[in-house]
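Protein sequences appear in the order of chains X and Z. This note's numbering applies: residue 1 is where the first sequence begins, and numbers increase by one. This note's numbering applies: residue 87 is where the second sequence begins, and numbers increase by one.
Accuracy of the hints is not assured; some may be wrong.
As the list claims (entries may be wrong) - Distance condition first, Cα-Cα at most 20 angstroms in a straight line; then the derived SDA-like pairs of lysine to any residue:
(1) Z:LYS133 <-> Z:GLY149
(2) X:LYS74 <-> Z:ASP498
(3) Z:LYS565 <-> X:LEU14
(4) X:LYS70 <-> Z:GLU568
(5) Z:LYS410 <-> Z:HIS545
(6) Z:LYS177 <-> Z:ALA126
(7) Z:LYS565 <-> X:LYS40
(8) X:LYS70 <-> Z:LYS133
(9) X:LYS40 <-> Z:LEU246
Said to hold, decoys possible - Ranges of calculated distance between the beta carbons of each label pair, as one might list FRET restraints:
(10) Z:VAL596 <-> X:LEU64: 47 to 55 angstroms
(11) X:GLY46 <-> Z:THR570: 35 to 43 angstroms
(12) X:ILE18 <-> Z:ASP498: 31 to 39 angstroms
(13) Z:LEU460 <-> X:ARG15: 20 to 28 angstroms
(14) Z:TYR524 <-> X:GLU48: 40 to 48 angstroms
(15) Z:ILE519 <-> X:GLY76: 49 to 57 angstroms
(16) X:ASP12 <-> Z:ALA530: 33 to 41 angstroms
Stated by the list, open to error - Far from chain X by the CB rule (all over 10 angstroms, computed), these chain Z residues:
(17) LEU104
(18) SER110
(19) LEU123
(20) LEU154
(21) LEU271
In case anyone wonders, no lab produced these hints; they're calculated from the structure. Being a predicted model, the structure only gives us computed values, none of them experimental. For each residue, glycine too, the CB sits at the ideal point set by N, CA and C.
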Amino acid sequence: MILVRLINFLRDRLRLVIRLCLGLLALLVVIDLLPFLVDKHHAHTGFEKLPGFWALFGFGGCVLIIVASKAFGKAGIMQREDYYDE
Amino acid sequence: MSDLWLHPSVILLLGGALLPLVPSRLKLGYLLLVPLLVFARTVAMSKGVFGEVTLLHWTLTFGRVDSLSLVFGYIMAVACAIGTLYGAHVKRDAEHIAAWTYVAGSLGTIYAGDLLTVFLFWELMAFSSVFLIWFRGRTESLAAGYRYLLVHVAGGLALLAGIMLHVHATGSWAFELFDVGHPSLASYLVLAGFLLNAAVPPLHAWLPDAYGEGTFNGSVFLSAFTTKTAVYALCRGFAGMEILVALGVIMALYGVVYAVLENDSRRLLAYHIISQVGYMVAGVGLGTQMAINGACAHAFAHILYKGLLFMGTGAVLHMTGRSKFTELGGLYTRMPWTFLFTLIGGLSISAFPLFSGFVSKSMIVSAGFEDHKLWAAYLLMLASAGTFLHTGLKVPYFIWFGKNNCQPDTWDRASDPPWNMIAAMGIASALCIFIGCYTPYLYAMLPYPVAYEPYTSYHVSETLLILCFTGLGFFLLLKKLEPTATISLDLDWPYRMGGRVFLWLARKPVQIADNLVGEIYRAGGLVPLMRSARLVDVFDRVVIDGVVDGFATSFRQLGQRLRSAQRGALQENLAITFGTAAVAVVAFVIWY
Numbered sequence: 001m002i003l004v005r006l007i008n009f010l011r012d013r014l015r016l017v018i019r020l021c022l023g024l025l026a027l028l029v030v031i032d033l034l035p036f037l038v039d040k041h042h043a044h045t046g047f048e049k050l051p052g053f054w055a056l057f058g059f060g061g062c063v064l065i066i067v068a069s070k071a072f073g074k075a076g077i078m079q080r081e082d083y084y085d086e
Numbered sequence: 087m088s089d090l091w092l093h094p095s096v097i098l099l100l101g102g103a104l105l106p107l108v109p110s111r112l113k114l115g116y117l118l119l120v121p122l123l124v125f126a127r128t129v130a131m132s133k134g135v136f137g138e139v140t141l142l143h144w145t146l147t148f149g150r151v152d153s154l155s156l157v158f159g160y161i162m163a164v165a166c167a168i169g170t171l172y173g174a175h176v177k178r179d180a181e182h183i184a185a186w187t188y189v190a191g192s193l194g195t196i197y198a199g200d201l202l203t204v205f206l207f208w209e210l211m212a213f214s215s216v217f218l219i220w221f222r223g224r225t226e227s228l229a230a231g232y233r234y235l236l237v238h239v240a241g242g243l244a245l246l247a248g249i250m251l252h253v254h255a256t257g258s259w260a261f262e263l264f265d266v267g268h269p270s271l272a273s274y275l276v277l278a279g280f281l282l283n284a285a286v287p288p289l290h291a292w293l294p295d296a297y298g299e300g301t302f303n304g305s306v307f308l309s310a311f312t313t314k315t316a317v318y319a320l321c322r323g324f325a326g327m328e329i330l331v332a333l334g335v336i337m338a339l340y341g342v343v344y345a346v347l348e349n350d351s352r353r354l355l356a357y358h359i360i361s362q363v364g365y366m367v368a369g370v371g372l373g374t375q376m377a378i379n380g381a382c383a384h385a386f387a388h389i390l391y392k393g394l395l396f397m398g399t400g401a402v403l404h405m406t407g408r409s410k411f412t413e414l415g416g417l418y419t420r421m422p423w424t425f426l427f428t429l430i431g432g433l434s435i436s437a438f439p440l441f442s443g444f445v446s447k448s449m450i451v452s453a454g455f456e457d458h459k460l461w462a463a464y465l466l467m468l469a470s471a472g473t474f475l476h477t478g479l480k481v482p483y484f485i486w487f488g489k490n491n492c493q494p495d496t497w498d499r500a501s502d503p504p505w506n507m508i509a510a511m512g513i514a515s516a517l518c519i520f521i522g523c524y525t526p527y528l529y530a531m532l533p534y535p536v537a538y539e540p541y542t543s544y545h546v547s548e549t550l551l552i553l554c555f556t557g558l559g560f561f562l563l564l565k566k567l568e569p570t571a572t573i574s575l576d577l578d579w580p581y582r583m584g585g586r587v588f589l590w591l592a593r594k595p596v597q598i599a600d601n602l603v604g605e606i607y608r609a610g611g612l613v614p615l616m617r618s619a620r621l622v623d624v625f626d627r628v629v630i631d632g633v634v635d636g637f638a639t640s641f642r643q644l645g646q647r648l649r650s651a652q653r654g655a656l657q658e659n660l661a662i663t664f665g666t667a668a669v670a671v672v673a674f675v676i677w678y
């Protein structure tokens with residue numbers, strides 16, 4: 001099937017795919033900085049005009065969610081699967 | 087009744103009642119026809135108040151059709167059609183009847199103009215949807231179903247008490263906006279009933295408990311109707327109630343936190359229902375025209391993409407019998423189509439540009455910014471990073487890629503599901519993309535005129551930055567996210583463990599009393615007892631035995647016959663009885 005072949009094709013070139021993705025991330029940040037491409041007039045607050053604000057927000061938010069949730073889970077919320085069995 | 091106004095719920099209830107009579111070769115066509123008729127009915131509806139029935143001294147209004155009920159009725163009918171197609175190969179009629187009765191309850195609530203009718207259909211939803219859990223047939227699903235029922239009956243009682251107090255105070259049965267500025271006890275009780283169905287913490291734990299335990303197609307229905315009907319009821323009754331903003335934001339983040347810990351894919355999605363409904367509840371709390379539009383738009387989009395996600399994971403469950411990440415993995419070569427559709431659902435819920443969530447979720451967040459509730463808006467943005475992290479990345483990655491945890495039999499059984507499931511997922515995917523690309527389709531249906539444009543360069547850029555850098559975080563912290571075979575305790579703990587405490591309390595005193603009686607009997611009553619026993623013994627052997635043995639044998643035979651009749655079919659019988667009773671009540675009320 002074509003979808004499986006495409007995925008296998010990409011997996012065989014994993015390093016290249018990762019580099020392309022990183023390049024895309026950089027490109028997104030750059031585009032966001034160009035006033036003639038992204039009009040920041042609609043920004044709601046001053047913070048958002050800082051370069052790369054939303055990139056940092058996304059990355060920081062992701063790390064925060066994972067670390068905080070895992071800490072919460074380790075504090076006794078996560079239990080064995082047979083916890084409720086009598 | 088002045089004119090004949092055909093309620094779409096009547097089509098579903100009658101359609102369900104007639105289903106067992108349909109010959110099996112026509113069944114597929116019939117299963118598709120009934121939801122399409124319902125859809126046609128909801129589309130053809132004109133605005134106004136219909137189906138008013140006077141019973142004794144009060145008037146029930148079955149058909150209040152305005153812009154708010156129209157948009158919810160429309161999407162419920164679509165969800166019913168897609169869900170039925172998805173499960174069309176299921177042979178047991180009772181499953182379809184239960185699902186349709188459940189949808190009928192939802193539609194009945196949406197078109198209801200008075201609180202009594204709301205309550206009746208509200209309960210119909212709870213009592214019919216529990217069968218979608220029970221039909222899974224596991225011991226766990228039976229228990230989860232009873233817990234679900236218990237919680238919903240409690241919520242229903244709060245709602246009923248609130249309605250009674252409200253009617254007593256105001257003298258009006260009409261279901262309109264409550265006085266959200268000065269809420270009375272009655273309003274709070276009604277609100278509690280609504281919030282329980284919307285799964286607002288701390289009244290939320292029933293949702294992952296039940297939806298993770300539903301049948302593979304039952305959970306597709308469950309994911310759409312109960313919570314979104316509650317969102318409708320909140321839009322109608324509590325728009326602009328300040329406290330809902332905070333509750334909505336808490337919900338949005340709560341679901342995200344539990345989704346990190348969750349190992350069962352369908353329970354993870356259930357926690358993300360809580361998260362997504364949080365946006366809608368916050369939108370209702372903001373209460374501006376834009377926020378209400380956003381809540382409705384997001385409910386509309388959510389029903390489709392969450393249904394799609396439950397269909398994807400339901401297909402994995404249906405084909406492999408597994409839903410936990412620690413028992414799956416690496417399946418992309420075995421179930422590629424299911425992967426693709428689930429990915430589309432994941433991108434839609436994550437609000438990627440060109441997918442449905444993008445045009446709906448952002449309306450609520452923008453309304454938050456415009457209302458100068460910056461904290462709410464930023465926290466909702468944070469929750470949307472979490473949404474992509476789990477539903478867009480964790481679910482597809484750990485089922486279709488990642489470490490292959492499949493047992494050999496899981497691997498052998500895994501393949502793309504039957505055509506009707508593929509078709510249902512395909513239709514839902516197409517709608518998700520269509521809504522995301524062609525905004526007027528959804529925006530024209532919303533209750534207020536829309537002056538919002540999601541596709542500005544800034545909004546697209548901002549969204550892509552958040553989501554793509556969340557993706558970066560996911561892959562960097564992949565080790566931390568490896569699923570573990572654990573469960574997470576939630577607020578269902580009190581009533582799951584509380585039952586045990588109750589049993590212990592009941593058992594101990596009973597045991598003590600029992601022992602005491604035994605002691606007295608042994609000490610005081612033994613000697614005379616022995617004497618009389620000898621006499622009784624003779625009588626017993628000669629006379630009684632003959633009679634009792636005869637009775638016992640016949641009773642045992644009868645019992646065995648009853649047991650075999652009961653074991654498999656009890657729940658089906660209940661479902662059919664309930665469905666028929668519901669039809670009878672509605673028919674009686676309408677043609678009275």
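Hint check results:
1. Z:LYS133 <-> Z:GLY149: This hinted pair holds, its Cα atoms lying about 9 angstroms apart.
2. X:LYS74 <-> Z:ASP498: Status violated; Cα separation ~35 angstroms.
3. Z:LYS565 <-> X:LEU14: holds (18 angstroms)
4. X:LYS70 <-> Z:GLU568: Distance of about 11 angstroms is within 20 angstroms: holds.
5. Z:LYS410 <-> Z:HIS545: Violated: LYS410 (chain Z) and HIS545 (chain Z) sit about 36 angstroms apart, past 20 angstroms.
6. Z:LYS177 <-> Z:ALA126: It is violated: about 26 angstroms lies between the C-alpha atoms, which goes past 20 angstroms.
7. Z:LYS565 <-> X:LYS40: violated (37 angstroms)
8. X:LYS70 <-> Z:LYS133: Violated: LYS70 (chain X) and LYS133 (chain Z) sit about 50 angstroms apart, past 20 angstroms.
9. X:LYS40 <-> Z:LEU246: The given pair, whose Cα atoms are some 50 angstroms apart, is violated under the 20 angstroms limit.
10. Z:VAL596 <-> X:LEU64: 47 to 55 angstroms: holds (52 angstroms)
11. X:GLY46 <-> Z:THR570: 35 to 43 angstroms: Check passed, 42 angstroms falls within 35 to 43 angstroms.
12. X:ILE18 <-> Z:ASP498: 31 to 39 angstroms: For ASP498 (chain Z) against ILE18 (chain X), whose Cβ atoms are near 33 angstroms apart, the range 31 to 39 angstroms holds.
13. Z:LEU460 <-> X:ARG15: 20 to 28 angstroms: violated (42 angstroms)
14. Z:TYR524 <-> X:GLU48: 40 to 48 angstroms: violated (28 angstroms)
15. Z:ILE519 <-> X:GLY76: 49 to 57 angstroms: At 43 angstroms between Cβs, range violated.
16. X:ASP12 <-> Z:ALA530: 33 to 41 angstroms: The hinted range 33 to 41 angstroms is violated for ASP12 (chain X) and ALA530 (chain Z), with Cβ atoms some 46 angstroms apart.
17. LEU104: holds (41 angstroms)
18. SER110: The claim holds: SER110 (chain Z) sits with its nearest Cβ about 33 angstroms from chain X, beyond 10 angstroms.
19. LEU123: LEU123 (chain Z) clear of chain X: closest Cβ-Cβ about 36 angstroms, beyond 10 angstroms.
20. LEU154: holds (28 angstroms)
21. LEU271: Label holds. Min Cβ-Cβ 34 angstroms, cutoff 10 angstroms.
In summary, the numbered hints that this structure violates are 2, 5, 6, 7, 8, 9, 13, 14, 15, 16.
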